[in-house]
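Residue numbers (my numbering), protein chains in the order written: chain A, 1 to 290; chain B, 1 to 315.
In short, the hints are calculated from the structure, not lab data.
If you're wondering where the values come from, they're calculated on a predicted model, not measured in any experiment.
Heads up, a few of these hints could be off.
[Stated by the list, open to error] Simulated crosslink set (BS3-like; lysine-lysine; CA at most 25 Å straight-line): (1) K230(B) <-> K23(A); (2) K125(B) <-> K230(B); (3) K230(B) <-> K19(A).
[To be verified] Quick look at which bits of chain B chain A covers, simulated, 3 or more residues with Cβ under 8 Å: (4) 16-22; (5) 90-101; (6) 288-297.
No residue lacks a Cβ here, since even glycine has one placed at the ideal position from N, Cα and C.
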Amino acid sequence: MKIKPVSNPSNTYNKQILKRFLKHKPAVISLIFLCVIVLLSLLAPAIAPYDPNRTTGGFSKAPDVAHWLGTDQVGRDVLSRLLYGTRISLTVGFLATLISTVIGVVLGLIAGYFGGWIDMVIMRFTDMVMSFPYILLVLVAAAIFGPGLTNIVLILGFVDWPGVARLVRGNVLSLRETNFVKSAEVAGMPKRYILFSEILPNTIAPILVYATSVFALSILDEAALSYLGMGVLPPTASLGNMLNGAESLTILTSKPWLWIPAGSLIILLALAINFIGDALRDAVDPTATR
Amino acid sequence: MFKYIIKRILIALPVLIGITIIDYAIMSLAGSPLEMLAGPRVSEEAIANKEILLGLDKPVIVQYFIWIKQLLQGNLGTSIKSYQSVATMIGSHIGPTLLLMGTSLIVGLFIAVPAGIFSAIHQYKKRDYAVVTLSFVGISLPGFFLALLLIYVFTVRLGWLPSSGMTTLGTDGGFLDVAKHMVMPVTVLAVSVAGANIRYVRSAMLEILQSDYLRTATAKGIGRRRVINKHALRNALIPIITVIGMQIPTLFGGSIIVEKIFSWPGLGLMTMNSILNRDYPVIMGVCLLSAIVVLVGNLITDILYALVDPTISYK
């Protein structure tokens, strides 16, 4: 191995990660795919051919030149709804992941760093929440607080933090024994500084990897909930509630444009995010056996 | 060893108490049963009487202990829709769910364990990537969508499999009929179990393949097949025990949606219907039951793990 003089070590570290990530071909393709989808959904207002909530054609018409993916049961353009629906689904997934990650990170940091009875209380609480099947808690919360965009983000976010909390706590416990944290303690640094400036940056990588899988799961959960009518409510389109009508036999058999596009997009998005997460795991921790 | 088991049970106890508190808190959040009772034909006097009868005029903490006392006597409350006791309802629906979950778990593991081991043995070869990619597809397929696809192919197009219920109406079922009804729901659940576990089994196997004692075994020259089949496989089975414990909550959650789509007459369908009907006593009974099952499942897994793996520390 050649040793080069290093001017900015963090830069080369990032470069190494990037290099290892780029070796993972499915992940690179996934990343490009995800970027394209995100861009398209962000540009929805500019590129969508129609208003997603307005009747613009006949009912349940097959795809043609005017409506590339056909129209739905009340004559709305499926392509426009798909663009806006992707936007909603990605937003729900992202915000829910953000909330659960922040809660998990804060609780995990506190439990791992302070230890003792604080750790005991937080971890036992984590055990309690984890004992309830995740989907059951989400469904019950959706029944109590009612469906809707904001509620579904909050529910998914507030139910899915225990995994992150456990992960962060474990990392903090091992980081606490490292010399650089001990030296910061000896130097008399305030605890808040040690927690957020010494420990947190060194546990970011595994958190990010975990967050990608939570992101994929949140998108799948939003889809399932909206499909059941307990998530994002129509007329707002989401990938899940676009599949609402697919249960009916006529739609399933003779109107595939009403369920194949949204269904495949959910699968492809989840698949792409999972691939990216996996490559990220390899890239930040090349010693792990996956 | 005995000490470890006792300690593990002692840790589980406060969690159990916490679970009942969370369960009760959710029930209180959902609103008082009086609101559900209230209506144009119910007088205020009757509601006041009912309040005293149900003990709702007492402080919340006292109410919680009354509820716990009833729980310990096996009284989970009464459904506000069907007026049946929740315990009876759970009892009559749990059989089909256990059948569905058990079969799916076995099928899922029968796919995941060989696939994971195969993948680990052929690490970084095309075969390995193929298996890993398939496992990604497994975790990325939403259960409800896979269910729709299966119904489309096997019920609508081919007409091979029934899409709802547990037995054909008008018949008393029989083994073959039930098996036919089980194929699709079990497939959906087993795919998610397999998808989630292939990579877990694979990394457990990889870790073992890199261990010193296997290097020794290989160095002795006893042949690759014997090294893998005799030395590696046995040790790879240990982490798989924990996998089974981890599946319980996921399977239970998955069965709620799967049972709803396939109208499988189990606990999941009952739960989904009571969620849609806002039948809180039933929901809370199911929540409590499932949380306790998960807790006990984890406890048993931990103890089994300690029994099988002598290197674990019993501090």
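Hint check results:
1. K230(B) <-> K23(A): Cα-Cα ~35 Å, so violated.
2. K125(B) <-> K230(B): 23 Å, holds
3. K230(B) <-> K19(A): This hinted pair is violated, its Cα atoms lying about 39 Å apart.
4. 16-22: holds (count 3)
5. 90-101: Coverage by chain A is violated here, the residue count being 0 at a Cβ distance below 8 Å.
6. 288-297: holds (count 5)
Hint violations for this structure: numbers 1, 3 and 5, all remaining hints satisfied.
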